[in-house]
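Starting from the structure of chain V, add chain H where the hints point.
2 protein chains.
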Amino acid sequence: MNITATFDALILADGLFPQRKQIQDLLHTAPVLVACDGATRHLLDIGKMPDWVVGDLDSLSDTLKTRLHDRLFHNPDQETNDLTKAVQFCVARGWRKLLIAGATGLREDHTLGNISLLLEYLPLVQSVQMISDFGVFTPIAQTSVFGSYVGQQISLFALSSQTRLSSQNLKYAIQNQGFRSWWQATLNEATADTFSIELHTPDAGLIVYQVW
Amino acid sequence: MNITATFDALILADGLFPQRKQIQDLLHTAPVLVACDGATRHLLDIGKMPDWVVGDLDSLSDTLKTRLHDRLFHNPDQETNDLTKAVQFCVARGWRKLLIAGATGLREDHTLGNISLLLEYLPLVQSVQMISDFGVFTPIAQTSVFGSYVGQQISLFALSSQTRLSSQNLKYAIQNQGFRSWWQATLNEATADTFSIELHTPDAGLIVYQVW
Chain V
1 MNITATFDAL ILADGLFPQR KQIQDLLHTA PVLVACDGAT RHLLDIGKMP
51 DWVVGDLDSL SDTLKTRLHD RLFHNPDQET NDLTKAVQFC VARGWRKLLI
101 AGATGLREDH TLGNISLLLE YLPLVQSVQM ISDFGVFTPI AQTSVFGSYV
151 GQQISLFALS SQTRLSSQNL KYAIQNQGFR SWWQATLNEA TADTFSIELH
201 TPDAGLIVYQ VW
Chain H
1 MNITATFDAL ILADGLFPQR KQIQDLLHTA PVLVACDGAT RHLLDIGKMP
51 DWVVGDLDSL SDTLKTRLHD RLFHNPDQET NDLTKAVQFC VARGWRKLLI
101 AGATGLREDH TLGNISLLLE YLPLVQSVQM ISDFGVFTPI AQTSVFGSYV
151 GQQISLFALS SQTRLSSQNL KYAIQNQGFR SWWQATLNEA TADTFSIELH
201 TPDAGLIVYQ VW
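Top to bottom, those sequences are chains V and H.
Using full-length UniProt numbering, read the first sequence as starting at 1 and increasing by one per residue.
Using full-length UniProt numbering, read the second sequence as starting at 1 and increasing by one per residue.
Cβ pair distances, simulated, as ranges:
(1) V/T143 with H/N75: 35 to 41 angstroms
(2) H/H200 with V/N75: 34 to 40 angstroms
(3) V/Q168 with H/D56: 25 to 31 angstroms
(4) V/K21 with H/G47: 32 to 38 angstroms
(5) V/L44 with H/D25: 32 to 38 angstroms
(6) H/E79 with V/D70: 54 to 60 angstroms
(7) H/D45 with V/V32: 38 to 44 angstroms
(8) V/D58 with H/Q177: 25 to 31 angstroms
(9) H/G94 with V/K21: 44 to 50 angstroms
Simulated coverage check for chain V against chain H, where a stretch passes if three residues somewhere in it have a Cβ under 8 angstroms from a Cβ of chain H:
(10) 105–115
(11) 128–136
(12) 153–161
(13) 183–192
Source of the hints: derived by calculation from the structure; they are not laboratory data.
Values in this document were obtained by computation on a predicted structure and should not be read as measured data.
Don't be surprised by glycine CBs; every beta carbon is placed ideally from N, CA and C.
Next up, chain V with everything else stripped away, as it sits in the complex (with noise of 0.2 angstroms):
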């Protein structure tokens, strides 16, 4: 398991709904639970009550707004998206280590605009990570550890050419190296039960993936 063994709040985005019951438990068990708008119906599905909805919330019936009235968090802002709303939520009510689950798997582009965005919640935050039915994703911007098993697949993700990092316990050793493209990093593995990522541009960030 690669998640962060804390989390303050657990944001549910409206993408493909998790599978996996590892992540199902976390909705039901998370200290608090916050659905991107219309992710409400998947919880309610399963029997769960979000404690807060947020977003613009266009995607709720009247009846559904009725039966959540004291849980709404309307923000009508166009130019953000809800998971972005829903971390502003959080840390204005300073939940500062978040887990964000539900945000890939539809539409290509909320896929790679959401995976992006962790580096723009990283200085927010104490601590965030996103997982799905596959993986969970981890933005750094500085030298960092990560608990790992022998075999775990592992790729990473720099959003700058400019990034140069440098790792350890990987199997294919990276040595103060940048990537021009997304796949050029990817599909590496672990060699033990931790493996480290050495940043050497912190400025630029870069986003761990690790499979489940």
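Only chain H this time, still in chain V's reference frame:
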């Protein structure tokens, strides 16, 4: 419809099998249908025999290998993924207008990797596009005009922050601009039945995404 009007070969990768009728129709009518290894089983499930099966063939049972023996192309290269092997296979046979389906939707690192590979394929082919149930990716290395419809959502992905571009007929005009993060050029909108992207830094290339 934004896919290239004609193509020589359709490659089915082993990501999420497309459910959209238009794509399944293309699988049935493609002049040549090339399956990446494990994608074969999905084709057989819909009663379609691939013309070629390319990859390391690890995911085919012996029974299936016997049944398909006249159309297997074994490429055991561990440094290249099955999608790239299929593209190389097509290019070697002179099929240089390519359409790719099933390359997104499961593991996110495969999705990101495959999308970025489009820019690697571009110099090898006459045209290449990637389609999913949600949208169509087109890589470009020069100023390009796209068919669209008013209100069609358009997202642009530059792999390099050095890439500079301008747009015509997009709701949020881009004028000699670069983008440092993937989300920054997402969720634009076509304002007419065509739009164009002018690339001021053709070396870097750009990936254009249009929702269906």
